[in-house]
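> Hints in hand, dock the two standalone chains.
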Amino acid sequence: MKKKEFRYIEEPTYKINCKEVIKELNGQSHLLCRLSITATGDSFIQRAMEGVIRIMYSKEDYVYSWFAEISHDGRTLHGYFPIDTKVSDWIEYGYGETIFRVIRLKANPENAMLDKSRLSKELIRVTDDYIAKVDG
Amino acid sequence: MKFEFQLSGVVLDHGTGKPLGGVLVKAYDRDLIYDDLVGTCVTDEKGSFKINFNAKDFQEAFDKNPDIYLNIYTRDGKEMLHTSAETVKLKQGIIKDFIIRIPEGKLTKPSKEPRKMTFALLDRDMERIEDLKVGMSVYLKADGLKRNTVYTVQLFEEKELLFSTDFMANLKGGIDTTVLWPQFGLNDPNAKESHTLKEAVERWSGRAIQLSLLEKGGKEVLQSTTLKVSDRFAERQLFVSDGEGRLQNSIDVKSSRLYFTTAGLEKSEEYEIMLVPHQQEWEVGNLVQPVDFRSGQQARLRFELNPELDTIQFAEADNVFPGAYDVIIRPIRYGYELNESEFITVHDIRPERFVTSLTVREDFWTAKPVLGGCVNKLPISGRRISGTPYFRYANTFTLGEDVWGALDPEIVDPGNVSKMCAMYVIPSKTAAQWNANTSLNHLATLGGNAAVQEVFLQPGCVNYNRHLLWPGANIEGEYDIVADFGNNSATAAGFVKDNSYDTPLDIIDGYLVAGFRVVADPGTMSDFTHVGNWNYTETTQGIASVDDEPGFYSNPGGFVPVTETVNRRAHVFFPADAPGATAPGQISASQADYPCVVIVHGNGHNYVNYDFVLEHLARNGFIAASIHLNGGMGGLGRANMLFEHLNILNTAFGASMQNNIGIMGHSRGGEGVFKAARLNQSQALGHNINAIISLGPTDHYGREELGGAFATPLFMLYGSRDGDVGGGAGTNSTRQKTGFALYDRATGAEKSMAFVYRGTHNGFITSNFDATTWGGEAAADLASVPTQQAITLAYMNAFFRKHQKNDNRWDGMFTGEWQPASVESTGVEMFFQYENPGARVIDDFQDLPNNWQQSSIGDVVTDNGTLPANPEENTFYEVAGSINQAGLDTHSPHDGIGLLVRWNSSNDELTFDIPAADKDVSGFKYVSIRIAQKEGSAFNAANQDQELRLELEDGSGDARAIRTNAFGRIPFPDQRAQAYRRKSAMNNILIPLTSYTITCAGQVKVDLTDVRKLSLKFTPNQSGEIEIDSVSFTN
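Heads up: the sequence lines are chains A and B, in that order.
Per the working numbering, the very first residue in the first sequence carries number 1; after that it's consecutive.
Per the working numbering, the very first residue in the second sequence carries number 1; after that it's consecutive.
A few of these clues could be false.
Far from chain A, some chain B residues (derived; all Cβ distances over 10 angstroms) [to be verified]: (1) Val221; (2) Ser489; (3) Thr539; (4) Glu872; (5) Ala977.
Listed below are the simulated SDA-like cross-link pairs for lysine to any residue, each with C-alpha atoms no more than 25 angstroms apart in a straight line [unchecked claim]: (6) Lys19/A / Asp348/B; (7) Lys121/A / Lys216/B; (8) Lys19/A / Ala55/B; (9) Lys23/A / Glu337/B; (10) Lys121/A / Asp348/B; (11) Lys23/A / Asp348/B; (12) Lys216/B / Ser439/B; (13) Lys23/A / Glu270/B; (14) Lys26/B / Phe98/B; (15) Lys23/A / Phe303/B; (16) Lys89/B / Ala55/B; (17) Lys172/B / Gly448/B; (18) Lys23/A / Arg236/B; (19) Lys267/B / Leu31/A; (20) Lys23/A / Val284/B; (21) Lys267/B / Ser29/A; (22) Lys23/A / Glu283/B; (23) Lys116/A / Glu337/B; (24) Lys86/A / Tyr334/B; (25) Lys19/A / Tyr334/B; (26) Lys15/A / Tyr980/B; (27) Lys50/B / Lys78/B; (28) Lys86/A / Ile70/A; (29) Lys1013/B / Asn864/B; (30) Lys1013/B / Asn850/B; (31) Lys23/A / Leu301/B; (32) Lys133/A / Glu337/B; (33) Lys19/A / Val288/B; (34) Lys89/B / Asn54/B.
Source of the hints: derived by calculation from the structure; they are not laboratory data.
Note that the Cβ used here is the ideal one computed from N, Cα and C, for glycine as well.
This is chain B alone, in the form it adopts within the complex (with noise of 0.2 angstroms):
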């Protein structure tokens, strides 16, 4: 399209000559009384813009060329940065370029002073260093730096270089306190061996140890500071050691014993050894939960101790499941109730901040996503939280946010430990590019290459490595993370780093999907500063009659209807210009119109409960209404009261109300949204309905199946505590009566369903006595409200934006692959189902009579004679004993047939050969499954993941077994406190075909044009029962 008008331009930091990306341009026509906006954009990384307009956009009577000023503003648009002093007259076809610079002040808010640079090194209390003790752990807190610019601390002793490292300056010029040595002179960087606590005594004793700080790439020492080391150790001494007290983090589960080293301790007669999650940081009064050994028993265990120094056999290390951890000794006293507390109380010795007492690394191959292949691809990328556990591995960042990375040296080439490295962060690559081309190319808003972080790579654990990478990360898009071990130098001074991802050397968070990314958050965000209220009742909108259904009732039409008479009540929020609308006449004239969204409660609910799920809708340029229901009213009542307030919301937004309608139905309004898209459909009412959210809904009023030619995109919201509609095992009926029926037997459309962990019926809304009164739980088991809410206004606002405004930044929502940050801050745990229409099914079991060996695509499905009894093909759900079919599973959720495996070694499969009429899947994004463990199962390790490995083979016998852990979980069944209410759940997980196509150090890369098998490859674990469903290529 071409346009009359063009301008574009450079927006750049005044002070350090960098281009400004991710800040919001708006241009103006300057006119006599009100000037016009022509224009937004949104800077790139290069801090360039474009905006393009017609003489429409701002012509008034006299106005034939505008006069042009910007406003800058930043992303969110709330805080103007700066204007264009002058006006500038545009000519039409000729494009005017502006170079914009931001005076330095303006991108911060001024202090009063300027601060002065301070650099501490601090112990694990954070207070200030005088002399230096083996065992203590050092921490580095700087302030009064410039701001987003990189710097080299230097350790040194007696003058010979120990080793730098690089850390960026956040957004108020500061480094917040940072490990710098974790469990000082244990390990030496240039030995080879790390040292028990009397040889690291010796060996240090008396030396001195000067810290510089300089800019990087600077001569200039900014600060220094010199410090003697003790010839005493540290007292309260705790970690993971060998049998010799040698310091040693981490452990193959193949090592053969854990011990631990203790010392200093305060007297006592007996100690209390936890194995418990980490998190990065124990205060008084966080909780313990001692995790479980592979046997089963709690990792909880007492001794008697030297509290001057010994070192124990804990465990056997194979008893102990992969993962990090930290270990918290308590000090027995004899009859103190604090012994059993469930709280780290001020007597218990906890680990130092940030430093994981132990790693247990699974087997160096087992761990890689590949099978057999060495793609060094792991979490770098998180963030900071407030409370625990401190620090979480996240992959979406909201604009503005800061992006640190936590580099985990366990899972490199051992001889890379103690290295340096270099961090890129970098835009994310395809498969095709990473595949084409290896180069490195640091972000330009980072300062480019030059500025490239480059780091010690401290041993140990992860958590030593942790270093922020993107202060307010501010431009939306996909990015990788790479960390770079150059020449491989052995000594820091000797590093140089080669711009280039190089397999197996380099670590890489990325290359099989993106590291990370920056996007807008859906639960926060905001198009409309300002939004207008209406609220209406019977006085003007009078009293509707509808017909209801009397109660519940199992065959589509098998009910007498009743009249329900309902006051027209609703509650509405629009977008807005100015503060205090109250009408629809005052909707916003930044648009000629706007899709609406309708919210049908459920019983025992009020309609003004959902006010705040209304006002950010329409904050996202929703006109957005919740009606009022009688209690007791059924589905079908709830339907047709919808219809009557569309009619309602159409006559009084009129034209500025588009007829694009997105419904959200809660409980038995759940059911009864599903219920408005038949009804619209048959009865030709002639409502667009484009999107469907039902959210805890029941199942009770007939059987609807949405599909066929009311098929509409779907979005299931449903919490795994729901007491009120809660399911369960062993009632009579045909299926369990929940939002998994409704979800399985929709069709035509994409859906999603998301199965919300400790979540309830209500907690999405208002509260969770649905679950305390009547599903037996306590408050402290269940997510919190505001983390629910967290999820109900993310996931309902970019569901409608994306089915009613084809807004579609968030999808990756919907398949389960990331969560927003304000719900991934929370720590909750979901799992998603996903299926687009035109998905190659492989195998959805619904083939009768049932045969395993059989599969729906129509060809062979084998277990090659190793599983250890036949697979089961049949209906999911199981009423055992009772008038229904026998079914595969008294726990499952499913309305439909399914596969239920249960293997017994880890070299057990399950094949499914492909047609060669369908052989050819390079035109789809995944292969995906429906996957989930079978609750109640002997097979399933308790509160263990299960997980098993996708491969792919095509024509040439070239194979290649992707991890399924590494795209998504197969989780324990929620364990809720009613145990006939527990489900074996499923989820989607789907796996990239890139992944299979990528190239990784020792794999062959498989021919998605000619896909002959899909196997099943049960491994590592060694034992499993699972049910499986919907094995498919998809998009």
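Chain A on its own, in the form it takes in the complex (with noise of 0.2 angstroms):
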């Protein structure tokens, strides 16, 4: 048979930046944990399920975002934690309850904190205590 060359579709990749973040939620500063994954050569969809992201310690450990945000080109998903969320190697993303794609990286991304002492004392530190009485 004739030889053909063919083309290799490239894996998407994705990017992992952890960092704090100051965002405005019912017209209140709120300081939350973001852990953002963007993607190349794949994009987020905008879907009726919310999006979520998971920080996995162990197969039974780990903890999820409060909530997700998808950016504008569908490029980032943003996942938002309690403050003092500690990151690992290992993250997962998906919609609903549904996990689409595990991403391992080769070590733990650095979380990247703000200067407290800049920090608005009205500002609302958002923590698992904070959650817990949030969502009831």
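What follows is the structure, encoded as structure tokens:
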């Protein structure tokens, strides 16, 4: 059979970025940890189910985002976590209760913290307790 | 042809006495049982109509002379405005004249009570202004005026006239919110310089500014108001200035620096300033996309500012590309996510409504379409649109649409800024007409020359000068707009218009080509109110067995046919006289017969998804069908099934169906329709296939070449982000197998191809999933499905009407000269190739052996030693390091041979000598070139159009060079997500040859009977790399 050249479609790649941010929710400023997944060769679709990011510590031990947002261009999924969330090298994302993709990193990404001395005292610091109180 | 009965007349507005152009007149003969429609006519701009008919059009048993009455409708025939009170008996050979007066209440929907006249001055938040503050922009809004009437607003300072300007009331009797005085006080109508904020406060503080509203030409002041000027300037200010803080909304690229002045900002440690493309209005939530500087850096910089008042240097002026921009300031709050927001936030300081922050002009002379000549041709006509950018320049308007004009003060002689001009809308003149006579006659339907709007040319930017020119434009035709500066008076009171277009003083939208046109929109128009729908299946039509191809192959005939068994199913739509028609026998009786269009879908598609196209075509007088095909079928099987269904349709519709066939194929069907044309001819099947549309076709089953004995007019439609048949560099074929290659190989008939930026494989019909699923695209980066469907409806209807009904109203759509309003209003970018047989080809580079210095017409090509490297003539498509020949470009989708040219100086050129035997090009309409930027070339500025000038020189040495971007674009290749699929896609630039002969101050005319040289002058850009083909003169 004659030979034919083929091209490989590259696998999508993902970059992880983690930092503290101040986000305005319901007119008030909240301090949160934001973990962002930016895709190349893939995109995050807006759909009925909410997006979710999981930070895995082991198969049974994990935390998941309080809520998630997709960037305008569909390339980045932002997951918002309580402050002081530890990041690991095992990140997953999906929609609703379905995980679409598992991302294994070579090392734990850094969690860039803000200088607390520059933050307003009126700022709401989002913790597990705060989320439990808000979510009821 | 002589008619037995003739009637004529005029339709007038009873209230104003003005003629009513663009209304539909229907003449009926009143009978005992059914009245006969004997003829219809649309009134011209003088309200006149003529209807001629013969006895056979009405005659029944005892009826020798018709009893005529007239019904008057809106142009689309949907609303009846009036019926003539009595019938009139017509006699043969005698022309009857009618005068029809439409009562006032019939022309607008009557409101419950008369609207009170209101007149308000508003600030940027659309609140009434209590007192004026320096730096604020003043907006005007009015209601309760007489519709279609011009009003004058006068502004006085302590009773001395500052300036006056006219506005046209729209069809509802209102003046929509419009800028009256942008950045009040920073410029002074009576001073030559603009002021700093502090100087302006000193100048204006405490002064009384009076505004008066009058009907144009009237003496009675209808409304007036007086406002005092505060001793403080307005808060949250941001404007472009000089280094001292003087307002300077526009700068020349030769200026040294770009400064911003800010005042009254909220306190912050740091501010981010972003330069973004201009749009009319900015709302919270609008997307913010900073532009790039020439250096490649994003125009998004951070500064520490004094929030009370500060002036900072933002950039070097020559680092900014020419264009119109807005400036957004964002206070940076430590740690806040909104600092990164891609959208306008409540904290951002955004520009005033309608006010362009900054215009960066090119050099005054470089900007002219004619090199070295002064014709102030620029776009003026435009439309307001919902959603960003809220206003867009446009040159095509649908019947009934408002035509706006926005006048750019930056292109005129600087001495004319802050002066009065009169805005004429006139029937478009040809070059010969302009050369013979420069007089201006404002449209009679707008009131003639007495009602021309006289406006004050605000300095700074085009968007301060936006006016409603023609409310509800209702007469089809082509028009020009002229801003006449008349006696060029230094004061508003002294201005007198002179009803003449005088270069270089006056500005024109038109001259080289029509300024704008009013046309029926093929995407939304309809001739038939009702359509019938007949769906059939194998239950009634049986099952077909046809030959098909078993898979992809390269060489024509290089396959063994297989037999495919296919259920005969189709959806069919047709014109009807009443709702609910479901059988072919119920086709409308208003015509004897109808042309037919058949849609052949692709693999993975469903024939039922094309109903919206079929219905639109049926409303435009076609029998339109979409046929079922099995999954997996190749191109041949689809062509053979087309013939099966044509037989069914012929049987079903009988004499009601013309042997006048148009076919539209999608994807594999898009290649199948090429095979259908070939097989129809080779097998003598007898179908008159008069039009072929190919949508996102494959080029996988052999190598179809439409031409020769089966040459057929062709329209190719293809999306730049097609995720299914996306082509791509690096495969081992001799070509990228997409619609470009099929288009290139078609010969012998008129052809056109639309390359739709951000269009997809299926978005023209159903969804963009091909691009997001297989193309790696984000949904937000694609043209929306409604936008692509609008293209489908407009272009398919116009193409089939042109070639099956001889309706040539939309020819300019297929040369890429203009888009219909339903498409233009979406802002989609489309780039066209166009070719008409009979062109005089100067060079198409097909001659072998490849020799760039010898043109295909047999004469010399030279660069006069200017280019940094010899142009390269070779096959377009290259597969580096593979089994195929080296070519010009791995990203070229073209099938053929062309030329690659690179330049590195604006003095570079490439000249084609024209043999004496071919020197007379006066019989052609355009000089044409196919051209593309080479994808990935470092010589082309990122994300910027390229441009150059096409020069013609005659035997006397007289030469004129025309800027390509006056007539088309050479766009940067669409940067789709999968880089290997980006294309160096050519499009045609068509320059009217009248551009070389029309009077242009400072420039000689070229003798088109004696053209000896055609040159590409690589100016004004310093560098570039392009691919070209098909250098020719054409019609």
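> Decide, hint by hint, whether the structure agrees.
Hint check results:
1. Val221: The claim stands: valine 221/B keeps its Cβ more than 10 angstroms from every Cβ of chain A (closest is about 48 angstroms).
2. Ser489: Serine 489/B is indeed farther than 10 angstroms from all Cβ atoms of chain A, at 50 angstroms.
3. Thr539: Its Cβ never comes within 10 angstroms of chain A, the nearest being 38 angstroms, so this holds.
4. Glu872: 24 angstroms, holds
5. Ala977: Since the minimum Cβ distance to chain A is about 8 angstroms, alanine 977/B lies within 10 angstroms and the statement is violated.
6. Lys19/A / Asp348/B: 23 angstroms, holds
7. Lys121/A / Lys216/B: 62 angstroms, violated
8. Lys19/A / Ala55/B: 86 angstroms, violated
9. Lys23/A / Glu337/B: 6 angstroms, holds
10. Lys121/A / Asp348/B: At roughly 24 angstroms apart (the allowed maximum being 25 angstroms), aspartate 348/B and lysine 121/A satisfy the hint.
11. Lys23/A / Asp348/B: Satisfied, since the Cα-Cα distance of roughly 16 angstroms is no more than 25 angstroms.
12. Lys216/B / Ser439/B: 22 angstroms, holds
13. Lys23/A / Glu270/B: This hinted pair holds, its Cα atoms lying about 18 angstroms apart.
14. Lys26/B / Phe98/B: With a Cα-Cα distance of about 13 angstroms, the restraint between lysine 26/B and phenylalanine 98/B holds, given a limit of 25 angstroms.
15. Lys23/A / Phe303/B: Distance ~23 angstroms between lysine 23/A and phenylalanine 303/B Cα, so the pair holds.
16. Lys89/B / Ala55/B: 13 angstroms, holds
17. Lys172/B / Gly448/B: The given pair, whose Cα atoms are some 21 angstroms apart, holds under the 25 angstroms limit.
18. Lys23/A / Arg236/B: Roughly 24 angstroms separates the two Cα atoms, so the pair holds.
19. Lys267/B / Leu31/A: Roughly 21 angstroms separates the two Cα atoms, so the pair holds.
20. Lys23/A / Val284/B: Holds, at roughly 17 angstroms.
21. Lys267/B / Ser29/A: Status holds; Cα separation ~18 angstroms.
22. Lys23/A / Glu283/B: 20 angstroms, holds
23. Lys116/A / Glu337/B: 16 angstroms, holds
24. Lys86/A / Tyr334/B: Holds, because 23 angstroms separates the two Cα atoms, which is no more than 25 angstroms.
25. Lys19/A / Tyr334/B: 13 angstroms, holds
26. Lys15/A / Tyr980/B: 22 angstroms, holds
27. Lys50/B / Lys78/B: 21 angstroms, holds
28. Lys86/A / Ile70/A: Within the cut-off at roughly 22 angstroms; holds.
29. Lys1013/B / Asn864/B: 13 angstroms, holds
30. Lys1013/B / Asn850/B: 21 angstroms, holds
31. Lys23/A / Leu301/B: 22 angstroms, holds
32. Lys133/A / Glu337/B: 24 angstroms, holds
33. Lys19/A / Val288/B: 23 angstroms, holds
34. Lys89/B / Asn54/B: The hint holds at about 14 angstroms.
Hint check: violations occur at hints 5, 7, 8; the rest are consistent with the structure.
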